[in-house]
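Residue numbers (this note's numbering), protein chains in the order written: chain A, 1 to 189; chain B, 190 to 378; chain C, 379 to 567; chain D, 568 to 756; chain E, 757 to 945; chain F, 946 to 1134.
Take these hints with a grain of salt, some might be off.
Listed below are the simulated SDA-like cross-link pairs for lysine to any residue, each with C-alpha atoms no more than 25 Å apart in a straight line [to be verified]:
| id | chain 1 | residue 1 | chain 2 | residue 2 |
| --- | --- | --- | --- | --- |
| 1 | A | K112 | F | F977 |
| 2 | E | K941 | E | Q924 |
| 3 | D | K752 | D | R723 |
| 4 | D | K569 | F | A1025 |
| 5 | A | K137 | F | G980 |
| 6 | B | K191 | F | M946 |
| 7 | D | K704 | D | I736 |
Since the hints were derived computationally from the structure, they do not count as laboratory data.
There are 6 protein chains.
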Amino acid sequence: MKDFCVADLNATVSLNGFPCKPVAEVTSDDFFFDGLSKEGNTDNPFGFAVAQGNVLSFPGLNTLGISMNRVDLAPGGINAPHSHPRATESIVVIKGKVLVGFVSTSNVYFYKVLTVGQMFVIPRGLIHFQYNVGHSKAILLTAFNSQLPGAVIVSRTLFASNPPIPNQILTKTFRVDDDVINSIKSKFA
Amino acid sequence: MKDFCVADLNATVSLNGFPCKPVAEVTSDDFFFDGLSKEGNTDNPFGFAVAQGNVLSFPGLNTLGISMNRVDLAPGGINAPHSHPRATESIVVIKGKVLVGFVSTSNVYFYKVLTVGQMFVIPRGLIHFQYNVGHSKAILLTAFNSQLPGAVIVSRTLFASNPPIPNQILTKTFRVDDDVINSIKSKFA
Amino acid sequence: MKDFCVADLNATVSLNGFPCKPVAEVTSDDFFFDGLSKEGNTDNPFGFAVAQGNVLSFPGLNTLGISMNRVDLAPGGINAPHSHPRATESIVVIKGKVLVGFVSTSNVYFYKVLTVGQMFVIPRGLIHFQYNVGHSKAILLTAFNSQLPGAVIVSRTLFASNPPIPNQILTKTFRVDDDVINSIKSKFA
Amino acid sequence: MKDFCVADLNATVSLNGFPCKPVAEVTSDDFFFDGLSKEGNTDNPFGFAVAQGNVLSFPGLNTLGISMNRVDLAPGGINAPHSHPRATESIVVIKGKVLVGFVSTSNVYFYKVLTVGQMFVIPRGLIHFQYNVGHSKAILLTAFNSQLPGAVIVSRTLFASNPPIPNQILTKTFRVDDDVINSIKSKFA
Amino acid sequence: MKDFCVADLNATVSLNGFPCKPVAEVTSDDFFFDGLSKEGNTDNPFGFAVAQGNVLSFPGLNTLGISMNRVDLAPGGINAPHSHPRATESIVVIKGKVLVGFVSTSNVYFYKVLTVGQMFVIPRGLIHFQYNVGHSKAILLTAFNSQLPGAVIVSRTLFASNPPIPNQILTKTFRVDDDVINSIKSKFA
Amino acid sequence: MKDFCVADLNATVSLNGFPCKPVAEVTSDDFFFDGLSKEGNTDNPFGFAVAQGNVLSFPGLNTLGISMNRVDLAPGGINAPHSHPRATESIVVIKGKVLVGFVSTSNVYFYKVLTVGQMFVIPRGLIHFQYNVGHSKAILLTAFNSQLPGAVIVSRTLFASNPPIPNQILTKTFRVDDDVINSIKSKFA
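So here's chain A without its partners, still in its complex pose (with noise of 0.2 Å):
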């Protein structure tokens, strides 16, 4: 309801989304972000690197309801399927080839390689992956219509929380035994 609401991240109370900083210690640099300019390291198991121009690092994008981030990956590298509770997603490449893709709740798989200035959009809270099909390292910049999109990695959310998800949970929910989700779990420990 006003201009602007940069986020006091300090704040001793919390809400959803965050208390204003003082109008009058506004300035310039409140609405200014220099963590997407870096290459991200992808040196990982997934080649993958993410920065995030979010609330939580751009106090300045609180109460607008946007945020971008930039994606670094290698050559092979995927940022793995996953969803954004809060966001529509929209991506454009700035470098490389790279093949993103979604599947709907009718389960339909829409998905494209994408090459430097093309641009796709993934619907609001679908599962989706960007995965680096050319030769070179690759980059993304990625827009949401929230300053807080959140993101549900599949992998991590299933076989890597605190406390763990019971393995008869996941033995069902894959139809396997419990060889497989052991040996997935090691891998995210």
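Fit chains B, C, D, E and F to the given chain A structure using the hints.
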């Protein structure tokens, strides 16, 4: 903006939501739904059945922002991990003893065993499940703050979409080899 | 914007909604509510009891946009005409036989006698009631797309407010004389 | 999502809201309404008249989320207790002296006598009324944050619906006998 | 989510919107505002005065999504081109004869001369103005579907901001030289 | 309420938003847009080009609440002061060095010079601009939390509308004489 807009499911125009049945044709029956009163058939590998009282089955819900489901679970039956992209869910156990759980985006697993009359809430878009831990059949009523919450069922989404998600995506996601992926896919074929 | 914001009902700051309990103190019990499992006391002139699972009794619902009530009705008992200023309501009968009805702003009365498992929907803000037309006790579960739907009970609002609405307003409203108004007011004193 | 969507009130498709008139046919007159400038006829038992500037009379309001009414009250005239299911209302007195009041869901009656130029606000969905306490005609302008706020007029809803609400509901509601109910119903027949 | 949340304008916590005054301290006066009843002082270069009934002056509007202004215009006076970033506006002329106009994003200018009791609507976010074309003082009531619509006054925004927008931006914008920009800036100093 | 509703831009029914393409005809290409990959032609007085990825060019965005633009600026080029009536904007520089600024409704000018990968946010409805302060071409990606944010370009709105805004409005607005207004109007003819 009107009191109601009973869905005309056969309209030639397709909207996000549905056009309205002419007001002059609306009767009390349009606000009534009898699809939750019958026992579901749980004779399947998951010991699970769901009856959905959403806008597709109950057109009177159109534009009203609410819907309800009935879930039947055989002993040991599971409503496998899934998320609703467009709704928070509240659950009340009508019969039996049921473990319900969800995982937050911070990867914390919250869960509870519910008995008759007890209530649990699943925040919008998070992966959750219901598992009958009692010795007899269980029945749950679930309510959603959407007329069509949608369901992203994790196993079906990843292993049984049409067309299929390529194996290389799934092996990287779960850090397993093709055999495991093929084995799971075969169960959902 | 966060996954959840369990209400801190004792916060010194008053909001529309509630501040959040610190995330580190949130446990599974915060998403659980046991207030709907007990039979209500219907030993009153209306043969009516309600247990409310809204944010005031179930703080985990804060910011999630959903709540549920249990209504107990003795034979002949009534949940008297009322409206919810902030929610659509869906109703499922758990036990008994209940007449439910609402009136639209076009002054049409829609109604239905429901038996176990049957569902009815009351559009946002319209006056409605539930009346036990069976020979035994009735139980209903109602769901709302608001964490605090509110209830405007017509009789109480007009005849038992604090301070009272002046008689001249009420005699003009119902086109009756002071005696009728005083008589009704005396019942709600 | 567009600047405007002037309602096509004669469209064959019925929506919640209205389809848009083709942009090429939109003129300045579509954003203009002259229905509030004339004195209303208050020659009726309530000494009351209302002119409604909502989407049904002023199609340019479609999708814009606002509307305004003019209320005329003869001396002693009343805009009887009612609620708007889809809007907050603000009131400004243009002429005369008017008692305005509403009752909260906590059953508190808030009220004020307003003279020319004074403003009062009625929160969404609460029962309220306006009563001319001056010696001459009164005029009010009311604004709503909905293009079609709707009005649930308590007396008409309960005593003059079509079909009628059964007497047994109403005798239990107001704790009076059939004679009182029949007497009131006869006034609204 | 509550009936109301009267703004506590002096709270130590700053929100987008305001914390609520304790309910126990809320009185009828909190829903009342007398700031629109007095004539505005139009003795200035624009022949213009505005009295704002928004949440900052009328704390009872907090969370209710509505506000109203009174505009006074001397003969030839203007409420200069501006937009409201957070609201649609509806206008009713209380006295006089006023030209109102707005320009759509398709660059079409819609306008009308209004006399007493006539209404016009300005869609959200579009630039508009009001100009007294009569021979006597004019008064308008304007309503907004926001408790704090904000106003972006074009001339003040571009030529009198603090710090100033550099001349090179403005000369390029209007395709004029520095002298014109400096001349306009001097008028708004 | 559905996963998606790909716009049928040729539908005979006009809505605020668009009807949906039949689901059976939706393919992966509906979620893909290639209009941002090509260099824009900045050979014009503003040294400016914009490619818009909104619902009109990318029908898959319909109902999803997001869109993205590409802005090309020649050295010294400007995206002249404008506002988006329906969206917050976030900006990332892809190439070059760009001054971005906006003015709040409190008349404070916030600004920053951005280089590659840096991000800035413009709150909903405020007037802002982008100006290439580097020696080579600049490219920006902008994201909006609306499928059709609209653009109110100040100079075009005031000096080049159809029909034109009368000079007397503009001379009073900027406190200049007719010659200045006519001179500016001639540049935008």
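Okay, the hints, checked on the actual structure:
| no. | hint | result |
| --- | --- | --- |
| 1 | K112/A <-> F977/F | holds (8 Å) |
| 2 | K941/E <-> Q924/E | holds (13 Å) |
| 3 | K752/D <-> R723/D | holds (9 Å) |
| 4 | K569/D <-> A1025/F | holds (22 Å) |
| 5 | K137/A <-> G980/F | holds (23 Å) |
| 6 | K191/B <-> M946/F | holds (18 Å) |
| 7 | K704/D <-> I736/D | violated (38 Å) |
Hint 7 from the list above is the single one not met by this structure.
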